[in-house]
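**Q** Chains as they are written, first to last, in this note's numbering: chain A, 144 to 259; chain B, 330 to 443.
Be aware that one or more of the hints could be misleading.
Pairs of lysine-lysine, DSSO-like flavour, derived with a Cα cap of 30 Å [said to hold, decoys possible]:
1) A:K213 / A:K159
2) A:K213 / B:K386
3) A:K159 / B:K342
4) A:K254 / A:K216
5) B:K386 / A:K216
6) B:K342 / B:K386
7) B:K386 / A:K146
8) A:K213 / B:K342
Covered stretches of chain B, as calculated for chain A (at least 3 residues, CB under 8 Å) [claimed, not checked]:
9) 369-383
10) 413-421
11) 430-440
Hints listed in this document are in silico derivations from the structure and should not be mistaken for laboratory results. Heads up, the beta-carbon is just placed ideally off N, CA and C, and yes, glycines get one too.
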Amino acid sequence: AQKITQTQPGMFVQEKEAVTLDCTYDTSDPSYGLFWYKQPSSGEMIFLIYQGSYDQQNATEGRYSLNFQKARKSANLVISASQLGDSAMYFCAMREGQGGSEKLVFGKGTKLTVNP
Amino acid sequence: KAGVTQTPRYLIKTRGQQVTLSCSPISGHRSVSWYQQTPGQGLQFLFEYFSETQRNKGNFPGRFSGRQFSNSRSEMNVSTLELGDSALYLCASSPKGQGGSEAFFGQGTRLTVV
Numbered sequence: 144a145q146k147i148t149q150t151q152p153g154m155f156v157q158e159k160e161a162v163t164l165d166c167t168y169d170t171s172d173p174s175y176g177l178f179w180y181k182q183p184s185s186g187e188m189i190f191l192i193y194q195g196s197y198d199q200q201n202a203t204e205g206r207y208s209l210n211f212q213k214a215r216k217s218a219n220l221v222i223s224a225s226q227l228g229d230s231a232m233y234f235c236a237m238r239e240g241q242g243g244s245e246k247l248v249f250g251k252g253t254k255l256t257v258n259p
Numbered sequence: 330k331a332g333v334t335q336t337p338r339y340l341i342k343t344r345g346q347q348v349t350l351s352c353s354p355i356s357g358h359r360s361v362s363w364y365q366q367t368p369g370q371g372l373q374f375l376f377e378y379f380s381e382t383q384r385n386k387g388n389f390p391g392r393f394s395g396r397q398f399s400n401s402r403s404e405m406n407v408s409t410l411e412l413g414d415s416a417l418y419l420c421a422s423s424p425k426g427q428g429g430s431e432a433f434f435g436q437g438t439r440l441t442v443v
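Generate coordinates for the entire structure from the input sequences, incorporating the hints supplied.
**A** In structure tokens, the structure reads:
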């Protein structure tokens, strides 16, 4: 079974609008971390935001926020006020356990296109 | 603070050759992980090193190996290259044990096997 599921292969959004990228995860470990990365066509994986399973509040980083719904095992990324430079692949990833392996399991990604 | 540095950025090799890729983590980070990214398989974990020890290994053949030096820099080696090894190889650096939970990636090495 897939541990990270991103159901949207592609998304389109108008510049200056908000967009939500979906991510669901599957784990039986009570301690885990959830990540979102942006990958432009250049290939670099850019860290956007992190949410720990014990964090009480949703993580936010500038225009990025993570809508963490633990009971639903959902960790959606919300990008507010989209910019043309936000066009890229977006990956959701999970790290299981704490103090152990740093291994990340990735979803298949969502290609976001921001239209002018 | 400098980010994660991977060298070289691009490589073209012939089948049967071997290749070594390098990754310098963020200063102070002791954990380095390697990933292979292909259009078909997506991002797959190769291995993780912490304090010069391999802590975890993905499901890759023994042709893929790595090591970490005392300054936390890491190298991965692929021997007897196959066409299917063509991929973007990404390295991630984590503070592990020093607080903070983020993992930061380098720009990757794009390997083409011909």
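**Q** Hint by hint, note whether the structure agrees.
**A** Going through the hints against the structure:
With a C-alpha separation of about 29 Å, the suggested pair K213 (chain A) and K159 (chain A) falls inside the 30 Å cut-off, and the hint holds. At roughly 29 Å between alpha-carbon atoms, K213 (chain A) and K386 (chain B) fall within 30 Å of each other, so this suggested pair holds. Taking the CA atoms of K159 (chain A) and K342 (chain B), the gap is near 44 Å; set against the 30 Å cutoff, the hint is violated. The suggested pairing of K254 (chain A) with K216 (chain A) holds, with an alpha-carbon distance near 22 Å, which does not exceed 30 Å.
Taking the CA atoms of K386 (chain B) and K216 (chain A), the gap is near 26 Å; set against the 30 Å cutoff, the hint holds. Annotation: proposed proximity of K342 (chain B) to K386 (chain B) holds, straight-line Cα distance about 24 Å (limit 30 Å). Note on K386 (chain B) and K146 (chain A): the hinted pairing holds, with a Cα-Cα distance of about 18 Å set against a maximum of 30 Å. Distance hint between K213 (chain A) and K342 (chain B) is unfulfilled; the C-alpha atoms sit about 46 Å from each other, more than 30 Å.
Remark: the segment 369-383 of chain B is confirmed as covered by chain A, as 5 of its residues place a Cβ nearer than 8 Å to a Cβ of that chain, reaching the required three. A stretch counts as covered by a chain when three or more of its residues have a beta carbon under 8 Å from one of that chain; for the segment 413-421 of chain B and chain A the count is 3, and the coverage holds. With 9 residues carrying a beta carbon less than 8 Å from a beta carbon of chain A, the segment 430-440 of chain B meets the three-residue requirement, and the given coverage holds.
This entry does not satisfy hints 3 and 8, going by the numbered hints stated previously.
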